[in-house]
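Engineer: Each chain, written out:
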Amino acid sequence: MKTWKLAAGLMLTVALPQAGFATDLEITHWWTSGGEAAAVAELAKAFDASGDKWIDGAIAGGGDTARPVMISRITGGDPMGATQFNHGQQAMELVEAGLMLDLTDVAEANDWKNKIYPPSLLDACTVDGKVYCAPVNIHSPEWLWLSNKVYNDLGIPVPTNWTEFVATAPQVEAAGKIPLALGNQPWQSNLAFGAITVGIGGLELWKKVNVEKDMEAAAGPEMAAVFQAAADARKLAAKSTVQDWNQATNMVITGEAAGQIMGDWAQGEFAVAGKVAGTDYTCLPGLGMNAYLSTGGDAFYFPKLDDPEKEAAQKRLAALLVSPEVQVAFNLKKGSLPIRGDVDLAAANDCMKKGLEVLASGNLLPTSDMVWSPDVQTQAGDLMVEFWKTDMSPEDAQAKWVEILQSGL
Amino acid sequence: MATSSRGARVFRNLNAKIAAIPMIFTAVVVFAGFSVWTVVYSFTNSKLLPKANFVGLDQYERLWSNSRWLISIQNLMIYGALALVFTIVIGFVLAVLMDQKIRFEDTFRTIMLYPFALSFIVTGLAWQWILNPQLGIQNVIREMGWTSFTFDPLNNPDLVLYGLLIAGLWQGTGFVMCIMLAGLRGIDEDIWKATRVDGIGTWKTYIVVIIPMMRPVFITTLVLVAAGIIKLYDLVIAQTSGGPGNASQVPAMYVYSYMFQAQNLAQGFAASTMMLLTVLIVLIPWAYLEFGGKKNG
Numbered sequence: 001m002k003t004w005k006l007a008a009g010l011m012l013t014v015a016l017p018q019a020g021f022a023t024d025l026e027i028t029h030w031w032t033s034g035g036e037a038a039a040v041a042e043l044a045k046a047f048d049a050s051g052d053k054w055i056d057g058a059i060a061g062g063g064d065t066a067r068p069v070m071i072s073r074i075t076g077g078d079p080m081g082a083t084q085f086n087h088g089q090q091a092m093e094l095v096e097a098g099l100m101l102d103l104t105d106v107a108e109a110n111d112w113k114n115k116i117y118p119p120s121l122l123d124a125c126t127v128d129g130k131v132y133c134a135p136v137n138i139h140s141p142e143w144l145w146l147s148n149k150v151y152n153d154l155g156i157p158v159p160t161n162w163t164e165f166v167a168t169a170p171q172v173e174a175a176g177k178i179p180l181a182l183g184n185q186p187w188q189s190n191l192a193f194g195a196i197t198v199g200i201g202g203l204e205l206w207k208k209v210n211v212e213k214d215m216e217a218a219a220g221p222e223m224a225a226v227f228q229a230a231a232d233a234r235k236l237a238a239k240s241t242v243q244d245w246n247q248a249t250n251m252v253i254t255g256e257a258a259g260q261i262m263g264d265w266a267q268g269e270f271a272v273a274g275k276v277a278g279t280d281y282t283c284l285p286g287l288g289m290n291a292y293l294s295t296g297g298d299a300f301y302f303p304k305l306d307d308p309e310k311e312a313a314q315k316r317l318a319a320l321l322v323s324p325e326v327q328v329a330f331n332l333k334k335g336s337l338p339i340r341g342d343v344d345l346a347a348a349n350d351c352m353k354k355g356l357e358v359l360a361s362g363n364l365l366p367t368s369d370m371v372w373s374p375d376v377q378t379q380a381g382d383l384m385v386e387f388w389k390t391d392m393s394p395e396d397a398q399a400k401w402v403e404i405l406q407s408g409l
Numbered sequence: 410m411a412t413s414s415r416g417a418r419v420f421r422n423l424n425a426k427i428a429a430i431p432m433i434f435t436a437v438v439v440f441a442g443f444s445v446w447t448v449v450y451s452f453t454n455s456k457l458l459p460k461a462n463f464v465g466l467d468q469y470e471r472l473w474s475n476s477r478w479l480i481s482i483q484n485l486m487i488y489g490a491l492a493l494v495f496t497i498v499i500g501f502v503l504a505v506l507m508d509q510k511i512r513f514e515d516t517f518r519t520i521m522l523y524p525f526a527l528s529f530i531v532t533g534l535a536w537q538w539i540l541n542p543q544l545g546i547q548n549v550i551r552e553m554g555w556t557s558f559t560f561d562p563l564n565n566p567d568l569v570l571y572g573l574l575i576a577g578l579w580q581g582t583g584f585v586m587c588i589m590l591a592g593l594r595g596i597d598e599d600i601w602k603a604t605r606v607d608g609i610g611t612w613k614t615y616i617v618v619i620i621p622m623m624r625p626v627f628i629t630t631l632v633l634v635a636a637g638i639i640k641l642y643d644l645v646i647a648q649t650s651g652g653p654g655n656a657s658q659v660p661a662m663y664v665y666s667y668m669f670q671a672q673n674l675a676q677g678f679a680a681s682t683m684m685l686l687t688v689l690i691v692l693i694p695w696a697y698l699e700f701g702g703k704k705n706g
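These protein sequences, in sequence, are chains G and B.
Residues in the first sequence are numbered from 1 upward in steps of one, following my numbering.
Residues in the second sequence are numbered from 410 upward in steps of one, following my numbering.
A couple of the hints might just be wrong.
[To be verified] In silico lysine-lysine, BS3-like type, Cα no more than 25 Å apart, as pairs: (1) Lys315(G) / Lys115(G); (2) Lys304(G) / Lys333(G); (3) Lys235(G) / Lys53(G); (4) Lys613(B) / Lys602(B); (5) Lys613(B) / Lys213(G); (6) Lys353(G) / Lys275(G); (7) Lys53(G) / Lys310(G); (8) Lys460(B) / Lys304(G); (9) Lys602(B) / Lys304(G); (10) Lys115(G) / Lys400(G); (11) Lys456(B) / Lys130(G); (12) Lys400(G) / Lys213(G); (13) Lys45(G) / Lys310(G); (14) Lys149(G) / Lys275(G); (15) Lys400(G) / Lys613(B).
No wet-lab data here; the hints were simulated from the structure.
Next comes chain G alone, as it looks inside the complex (with noise of 0.2 Å):
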């Protein structure tokens, strides 16, 4: 029934003044697990439903392995309708070298800069004064994720920050199960580092290092703090063999496993498994040491295409994307925020609203995404997924850590 209203209401704001401009749009995006799909499958009904037609050209394999493939289309001369990207520096050359188009007008119409919160979110999008991508929801990767089963097994309470979660960890070992699970990808082992520093080292840490680039902040006694915390947390790690992030939040679905740094979108798997947050597992934002969430997320960037037609519904599409009913109803499966404030999120689960107390609370702070460039980032991945899974002394992957952001600044 809810749908239905939905649906009824997409047809009187959106579809009916442009009624008879059906065009097809094919839309690439990474989104493919259980969770991902379902919420892409609500972007799909609701653009379906405006008369347009999205055509899914999913791609497998996460964002490290999807973007090679939307970059060397756009630059191939074979763009898509639109593609998804998280916002910040991956598509920044794309749109400098004019590939991309400006939304400009879609977004004075809509009224983003005033809807749109946090305001960090379109400025990510922003290039030069003008809009280049639509954002569609808030991801946080600060995330402890626990399996209430595993400690209710053995008769202990379940964590509330991380603190307790390491301390409990050698009787979680002992029942025969693992403390962490952790996939094998480098960008989950650099996810689970960043969550610790801004669990263990705060906010203005954080700030100093990523923000204002601090490199004697980086290369000091706090970030070796944090680091010293990585090395204690890998040990917990060591069993856990999976690859992809779904996998490793599997064993905590299943009890296999207590806990798993990931962001929000776990959320979706564990509602797809028909998890109840609180009675079936808990979730800590910030790792339950400090409320402080990043508000990364993913936008939709449209390449430039010649038709004005293709253009038209390419806008059509943006301005769907930010409506309150596709916020709401793409954000409830995919286990995210969404980008504006003025939304209900009554449907929302316990952990979806402590994401929305911290968002309200403004304890915010952008993503690596935005602050670093994707080299950056890659050298990032490279170092962290040694350093989780060899015995790499802490204090020469800080150094090695500095340098490598020494090399963006």
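With chain G fixed as given, assemble chain B onto it according to the hints.
Structural biologist: Positioned in the frame of chain G, the structure of chain B alone reads:
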């Protein structure tokens, strides 16, 4: 066909020359031209799009101080040396065994060559499952009652290369065996008769007489196997994705990852130039032996 005996040399065999143009074009423009372009742009600081902003040897300095690249090179050398020795030795021994006028030779040859028909992606995936502790060998043996048995090479940074090697050998030895067998069949029966008259044992004949006679076959095999090793990529992608950590990274993965994921073309170009250099180091001695050797011999 329409040749006049007095026509200029250029027009002799005109049809053949016209037919060769596409291949010449491909060789000059695609292979040589683009390779040169890549080498030139490896001296720039190009990011996502190529820009002719030259920065000297910066990319190479960064490359050779990057631990992932150094691990990749080290892995390739260990894997390469082992794969080279084992494929050729096992391939030759299998070929010799096949050469003993056994029954069902065709059947055995088909079985041995079969893995070569599979792509590295399929090979890698199949061996990932076979070596997976929850699904494969370890699980089977544990279910047979030996519960403490542990065999998990793909998740151990020290053993992962050998896990790759098993899959690589399984895939490649059949092919080497076929080349070797063809070489063995090319040896004149009279040689065998002569050694028998002289009373030389079979194995000694193989080592002292036959192997030196098969020198060209061995050199060709060496080059084919070596070229395959340097471009090793898809097997690793399918079997381990370079993990655990960076323990099974290879240079081709570094190239891909920096050109496309890190949006740092010049760094990827620098790495691919180093790979090209390695291939040349393998190819030039071969060309010398193969073509220079004929004149002398």
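Engineer: For the pair supplied as a hint, lysine 400(G) and lysine 613(B), confirm whether the alpha-carbon distance does not exceed 25 Å.
Structural biologist: The given pair, whose Cα atoms are some 56 Å apart, is violated under the 25 Å limit.
Engineer: Hey, lysine 400(G) versus lysine 213(G), does the alpha-carbon distance stay inside 25 Å?
Structural biologist: holds (16 Å)
Engineer: Between lysine 460(B) and lysine 304(G), does the CA-CA distance stay at or below 25 Å?
Structural biologist: holds (22 Å)
Engineer: For lysine 456(B) and lysine 130(G), compute the direct alpha-carbon distance and say whether it is at most 25 Å.
Structural biologist: Answer holds: lysine 456(B) to lysine 130(G) is near 23 Å, not above 25 Å.
Engineer: Going straight from one Cα to the other, do lysine 315(G) and lysine 115(G) come out at no more than 25 Å?
Structural biologist: Between lysine 315(G) and lysine 115(G) the Cα gap is close to 17 Å, so the pair holds against 25 Å.
Engineer: Checking one constraint from the list: CA of lysine 602(B) to CA of lysine 304(G), max 25 Å. Satisfied?
Structural biologist: Outside the cut-off at roughly 76 Å; violated.
Engineer: Between lysine 613(B) and lysine 213(G), does the CA-CA distance stay at or below 25 Å?
Structural biologist: violated (70 Å)
Engineer: Given the proposed pairing of lysine 45(G) with lysine 310(G), does the C-alpha separation stay at or below 25 Å?
Structural biologist: holds (19 Å)
Engineer: Assess, step by step, whether the Cα of lysine 613(B) is no farther than 25 Å from the Cα of lysine 602(B), and give holds or violated.
Structural biologist: holds (14 Å)
Engineer: So if I understand the rule, the pair passes when the alpha-carbon distance is 25 Å or less; does lysine 304(G) with lysine 333(G) pass?
Structural biologist: Violated. Lysine 304(G) to lysine 333(G) sits at ~30 Å, over the 25 Å cutoff.
Engineer: CA of lysine 353(G) to CA of lysine 275(G), is that 25 Å or under?
Structural biologist: With Cα atoms ~16 Å apart, lysine 353(G) and lysine 275(G) stay inside 25 Å; holds.
Engineer: Would you check the hint for lysine 235(G) and lysine 53(G), treating anything up to 25 Å between C-alpha atoms as holding?
Structural biologist: violated (49 Å)
When held up to the earlier numbered hints, the structure conflicts with 2, 3, 5, 9, 10 and 15 and fits the remainder.
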